[in-house]
Amino acid sequence: MKILVCISNVPDTTAKINFTADNREFDKNGVQFVINPWDEYALTRAIELKEAKGGTVTVLNVGEADTEPNIRKALAIGADDAIRVNAFPKDSFFVAQQIAAVAKENSYDIILMGKESIDYNGSQVHNMVGELLGIPSVVPAFKLDMVDDATARLEREIEGGKEVVEVKLPFVASAQQPMAEPRIPNMRGIMTARTKPLKVAEPVSADVKADYINYSKPEKKGGVKMIEPENAGELITLLRNEAKVL
Amino acid sequence: MSVLVFVEGLNGEIKKSSLEAATYGSQVAQQLGTTATAVAIGEVHQEALTKLGEQGISKVLYDGDARLSQFVADAYVKVIAKAAGQESAKVLIFSNSNIGAAIGAKLAVRLNGSLATNVTELPKTDGGSFTVTRGVFSGKAFAEVALTGDLKIIAIKKNSIDITNSGGTATVETLAADLADSDFVGAPKETVMQESDGVLLPEAEIVVSGGRGMKGPENWHLIEDLASALGAATACSKPVSDMDWRPHHEHVGQTGITVSPNLYIAIGISGAIQHLAGVNSSKVIVVINKDPEAPFFKAADYGIVGDAFEVVPKLIEAAKALDK
Ligand SMILES: Cc1cc2nc3c(=O)[nH]c(=O)nc-3n(C[C@H](O)[C@H](O)[C@H](O)COP(=O)(O)OP(=O)(O)OC[C@H]3O[C@@H](n4cnc5c(N)ncnc54)[C@H](O)[C@@H]3O)c2cc1C
Ligand SMILES: Nc1ncnc2c1ncn2[C@@H]1O[C@H](COP(=O)(O)O)[C@@H](O)[C@H]1O
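Heads up: the sequence lines are chains B and H, in that order. Note that the first sequence covers residues 251 to 496 in our numbering. Note that the second sequence covers residues 352 to 675 in our numbering.
Excised from the complex, chain B in its bound form (with noise of 0.2 Å):
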């Protein structure tokens, strides 16, 4: 089984976000770029699936140079190989596009991606690969199984409740807990990352449909109404006569 996994380069969980003076790009100064969280739930258990069928995983990322650690991360975790799309990912549809070309060429049996990237939040990249391919997403998935070597069994999450899909290979999947335990690469995956492939591809050229023209950062609250324990029931009467939610 021929198994892709989408990464994407994220700020580190707990950085702090700037922006560049004029507000239209994000300040890269001082942030620790990390492999996307959900990203990471989709390697995996892409992993834990070569390692019960056979197979090869490849990590792919859309990215400039600056990637590559991270790539080397994930083939640390795990991964066989790697490409990356030398490219800085302009918007979701450009990622799709250059996803999509790579796929076309090397025809897997499953792509598994993130949830959603945390820098972009788009929730968008993994339909639009499905959709580039013809193929079918299963987006957000919190379960993926085997039945045979040609289907598979996917939980995933619906608003209020879940959804049992089964699907034939090849597939779009998305992940997100609890599909799989992170795992943090050991001195031996470290070790031999460093001479597994990381191939460098040029983009195809592709439209971009979306122009990120400045940034801002939410209004600063206003600070906090301290409330004694004692007269805890104050804290009601305020939400509705003070704040009007209640």
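It should be emphasised that the hints constitute simulated quantities derived from the structure, not laboratory data. Just to be clear, a hint being listed does not mean it is correct.
[Said to hold, decoys possible] Here are the simulated lysine to aspartate or glutamate pairs, EDC-like style, with alpha carbons at most 16 Å apart:
(1) H:Lys671 <-> H:Glu575
(2) B:Lys467 <-> B:Asp277
(3) B:Lys494 <-> B:Glu484
(4) H:Lys441 <-> H:Glu398
(5) H:Lys641 <-> B:Glu480
(6) B:Lys303 <-> B:Asp330
(7) B:Lys252 <-> B:Asp330
(8) B:Lys300 <-> B:Asp461
(9) B:Lys252 <-> B:Glu314
(10) H:Lys540 <-> B:Glu416
(11) B:Lys252 <-> B:Glu355
(12) H:Lys634 <-> B:Glu492
(13) H:Lys475 <-> B:Asp461
(14) B:Lys393 <-> H:Glu541
(15) H:Lys410 <-> H:Glu398
(16) B:Lys467 <-> H:Glu472
(17) H:Lys641 <-> B:Glu478
(18) H:Lys410 <-> H:Glu438
(19) H:Lys665 <-> B:Glu484
(20) H:Lys491 <-> B:Asp262
(21) B:Lys418 <-> H:Asp425
(22) H:Lys491 <-> B:Asp277
(23) H:Lys649 <-> B:Glu469
(24) H:Lys540 <-> B:Glu405
(25) B:Lys494 <-> H:Asp513
(26) B:Lys467 <-> H:Glu495
(27) B:Lys449 <-> B:Asp330
(28) H:Lys540 <-> B:Asp395
(29) H:Lys540 <-> B:Glu407
(30) B:Lys494 <-> H:Asp674
(31) B:Lys449 <-> B:Asp331
(32) B:Lys340 <-> H:Glu495
(33) H:Lys665 <-> B:Glu478
(34) B:Lys494 <-> H:Glu541
(35) B:Lys475 <-> H:Glu644
(36) H:Lys634 <-> B:Asp461
[Claimed, not checked] Covered, in the sense of this in silico footprint (three residues per stretch, anywhere, with C-beta under 8 Å from a C-beta of chain B), are these stretches of chain H:
(37) 451 to 460
(38) 603 to 609
Glycine included, C-beta positions come from ideal geometry on N, C-alpha and C.
Here the structure of chain B is known, so what remains is to put chain H with the ligands in place on it, guided by the hints.
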């Protein structure tokens, strides 16, 4: 040319998040000097459809094919694409639900449109440009994005628009998308709804959430009782669901659900940055924690420094005493 809004049904009624989308859609239509049409599918009561007039919808296209009562992406996309063609829609509006975001993305590819999900405000449409504001970096920032395609597809973040009730009625027309069995190949084998008589978390206006400070699942009746007295949904922090005190679908934060209720009450939650990412667009935040240094207080509007086991029973009592 018109604005087309996809509305989702639940138990025959239109979902609250879809009423928000309908309101948003008719406000966009007004901005553009056109009308807003809704498209509804599956089992939805007729009265619920005509009542969309209250949100400013003039016409509803309805495909009552019973097979559409379950979410099947291919079939949904086909119906909405058909409606969009029929109406010469230039703007498509969805709620940023699991379903809305999924079909929005597929339609963006199929109809060659520009897509923005997680949109929080009405668009700016002056001078021929069309820009929207969307939440990025897990609630830590907003981005202004110009949608450059001819067709604009927008999925609006839940609870970011006030539903209008202006009192009109919408006309309902049948939409026959002529779906084939092959459009339903991806239909789910099974749909399991959570057993709860309470409020659904992603749609809730009030959320009562508990963290590790609640000490164990046996104490959750305090969270549940407060929630039921306030008509709220319950939620939790990640460690709470990791330890199986609560189900995973209740976990909010960076790696869980994002909520933006009018009121979020956090009890025994420290306020780690990953937790805040899921709740920081709530309108009013209340924090109850015995540690005055808990970081959550910095993000709060109201706070009580105290022991949850003493404070929460007092809140339940006061909430029960409220006249509804
Ligand atoms: C990549 C990544 C992603 C993550 N994603 C998420 C996420 O999506 N959601 C999430 O929630 N976390 C997430 N986390 C975990 C997060 O960092 C915190 O560990 C977690 O939010 C802490 O949960 P807590 O506040 O319930 O527990 P704690 O941090 O242990 O806090 C418990 C709080 O309860 C208070 N307390 C104790 N007893 C009482 C009492 N009797 N009365 C009142 N207060 C009391 C304490 O003072 C303390 O502040 C993530 C972490 C990482 C690294
Ligand atoms: N630049 C990228 N390179 C590779 N995969 C990506 C990239 N951006 C997003 N993805 C994948 O698409 C998923 C959804 O991203 P998004 O649509 O941005 O929320 C992510 O979890 C990744 O798996």
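Which numbered hints are broken by the structure, listed smallest first? When the structure is compared with the hints, numbers 4, 8, 9, 34 and 36 turn out to be violated.
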